[in-house]
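Chemist: Here the protein sequences come in this chain order: A and B.
Position 223 of the first sequence, counting from 1, maps to 223 under the numbering used here, and the rest follow consecutively.
Position 78 of the second sequence, counting from 1, maps to 1078 under the numbering used here, and the rest follow consecutively.
Warning: the hint list may mix true and false statements.
[What the hints assert, rightly or not] Have a look at the derived ranges for each label pair, beta carbon to beta carbon:
| id | chain 1 | residue 1 | chain 2 | residue 2 | range |
| --- | --- | --- | --- | --- | --- |
| 1 | A | 84 | B | 1010 | 35 to 41 Å |
| 2 | A | 84 | B | 1118 | 27 to 33 Å |
| 3 | A | 118 | B | 1224 | 25 to 31 Å |
| 4 | B | 1174 | A | 35 | 32 to 38 Å |
| 5 | B | 1124 | A | 115 | 29 to 35 Å |
| 6 | A | 124 | B | 1061 | 52 to 58 Å |
| 7 | B | 1052 | A | 153 | 54 to 60 Å |
| 8 | B | 1204 | A | 43 | 31 to 37 Å |
| 9 | B | 1204 | A | 28 | 28 to 34 Å |
| 10 | B | 1169 | A | 140 | 25 to 31 Å |
| 11 | A | 205 | B | 1118 | 45 to 51 Å |
By construction, these hints were calculated from the structure, which means they are not laboratory data.
No residue lacks a Cβ here, since even glycine has one placed at the ideal position from N, Cα and C.
2 protein chains.
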Amino acid sequence: MELFYSNDIDASRCRLDAEESAHCVRVLRHRVGDTIHVIDGKGTLLTCRLTDDNPRGAEAAILERQAHWGAHPYRLTIGCCPTKNNDRFEWFVEKATEVGVDRIVPLIGERSERKVYKPERAQRIALSATKQSLKARIPEITDPVSVKEFIARETPGQAWGDVKLIAYCFEDAEHPRTSIREALSAFRGTDVTVLIGPEGDFSPEEAALALQNGYIPVHLGPSRLRTETAAVTAAVAVYLAFLGDN
Amino acid sequence: MELFYSNDIDASRCRLDAEESAHCVRVLRHRVGDTIHVIDGKGTLLTCRLTDDNPRGAEAAILERQAHWGAHPYRLTIGCCPTKNNDRFEWFVEKATEVGVDRIVPLIGERSERKVYKPERAQRIALSATKQSLKARIPEITDPVSVKEFIARETPGQAWGDVKLIAYCFEDAEHPRTSIREALSAFRGTDVTVLIGPEGDFSPEEAALALQNGYIPVHLGPSRLRTETAAVTAAVAVYLAFLGDN
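Isolated chain A, as found in the complex (with noise of 0.2 Å):
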């Protein structure tokens, strides 16, 4: 199943930009009266005739809409602090995307190797895993913000049920860590933060701030992950833990 993007979307019909048109009409060779399916990028199927074959502009009418398709039961934000090597984080926003994540968040933390962050090819990589996994969602990719700036942002007025976690390797006598599992099957709300730090993990400033405000400190189990692959494991766990038993 072959999916389009459009963000032109009315009532009846809908439109392709170039690069979907040029997609559609060349090189899969559709032509009017074929029935494609299109996603909104917020969470809508549509499926729609095609009514003009333009390869620079096509158009067609909408014949059906599914809500929430290809949607997960649950809500998640990954903040998380690029890497230097920039394949690397994209290929965990290719990755969450693939298994299903709502909001990815760039941090710059006061260790972070990468203090400039640009987010538009992140963007159109979530919109191709989008599509590739079946989802009619793509998540948002924001600009960069600082530890500190993010967790004082978030916190206020997040919804009751929310979970808010922060992995960071070093161990607080105060605060001793659970596994991300165990703080999540401890959990019965459907929105989700984590926040994966860089490879010089958080700053103890970043982390005390982050459990002023109410984040619980999650480890990752022994294994020594790098920044991408532990917000990879982390966008699992989620996934795993709103599967049901059957």
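Given chain A, put chain B in place with the hints provided.
Modeler: Just chain B, lined up with the frame of chain A:
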């Protein structure tokens, strides 16, 4: 902590090959008398004193041996059909090694896109991921084997307590699938085998043969995962299942 690998170890000393010697002496500038850490690739960490800093063949005296260093509390074999794009399979090898896997078997399925596979490159990736993630045991990357041959060859003589899982996409009324999380939580042994099929899934004959041989059919949840993502998800599921609750 920098790890070196040696396969030339006796009771009192070890020798580094040309590549490891150059890295130790030329790159990291270690000199006679320095303490270095060497893994034997079989699970033991050696703390050594450098006795010959020849950049083409360094030698060290063994001061201390630590068995089961960086070991995980399970034995995991993942049989996975290599992807058309080699990088994706090698990425799985790297990530599974970081998380914790003992043996990776490249499987050739009836629907495999890739019918030949050379394990040498993946074995090198497994070595560097082993050193990077501070483990002393290098996962074995076996020669490729057909799915049916693997199932037939592996099944006899497995120890009590083994669990063998096959992740496949189609549902079989006779053999309803449970989630991999549920299958693992019901299990008390330590030896786990997971089979991951190609993009086109296992053939019905391959799946039937696995079920006849005691494989439990599992699913990895509702998301449609690429082969390498499914394989890493399975590795993480096993890793998390064996995490202590604190």
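Chemist: Determine for every hint whether it applies to the structure shown.
Modeler: Quick rundown of the hints versus the structure:
1. 84(A) / 1010(B): 35 to 41 Å: The hinted range 35 to 41 Å holds for residue 84(A) and residue 1010(B), with Cβ atoms some 39 Å apart.
2. 84(A) / 1118(B): 27 to 33 Å: holds (30 Å)
3. 118(A) / 1224(B): 25 to 31 Å: About 29 Å separates the Cβ atoms of residue 118(A) and residue 1224(B), which means 25 to 31 Å holds.
4. 1174(B) / 35(A): 32 to 38 Å: Given a distance of about 34 Å, which is inside 32 to 38 Å, the answer is holds.
5. 1124(B) / 115(A): 29 to 35 Å: Once the Cβ atoms are compared, 32 Å apart, the range 29 to 35 Å for residue 115(A) and residue 1124(B) holds.
6. 124(A) / 1061(B): 52 to 58 Å: holds (54 Å)
7. 1052(B) / 153(A): 54 to 60 Å: Given about 57 Å between the Cβ atoms, the range holds.
8. 1204(B) / 43(A): 31 to 37 Å: Because 34 Å falls inside the window, the suggested range holds.
9. 1204(B) / 28(A): 28 to 34 Å: holds (29 Å)
10. 1169(B) / 140(A): 25 to 31 Å: holds (29 Å)
11. 205(A) / 1118(B): 45 to 51 Å: holds (49 Å)
Hint check: no violations occur; every hint is consistent with the structure.
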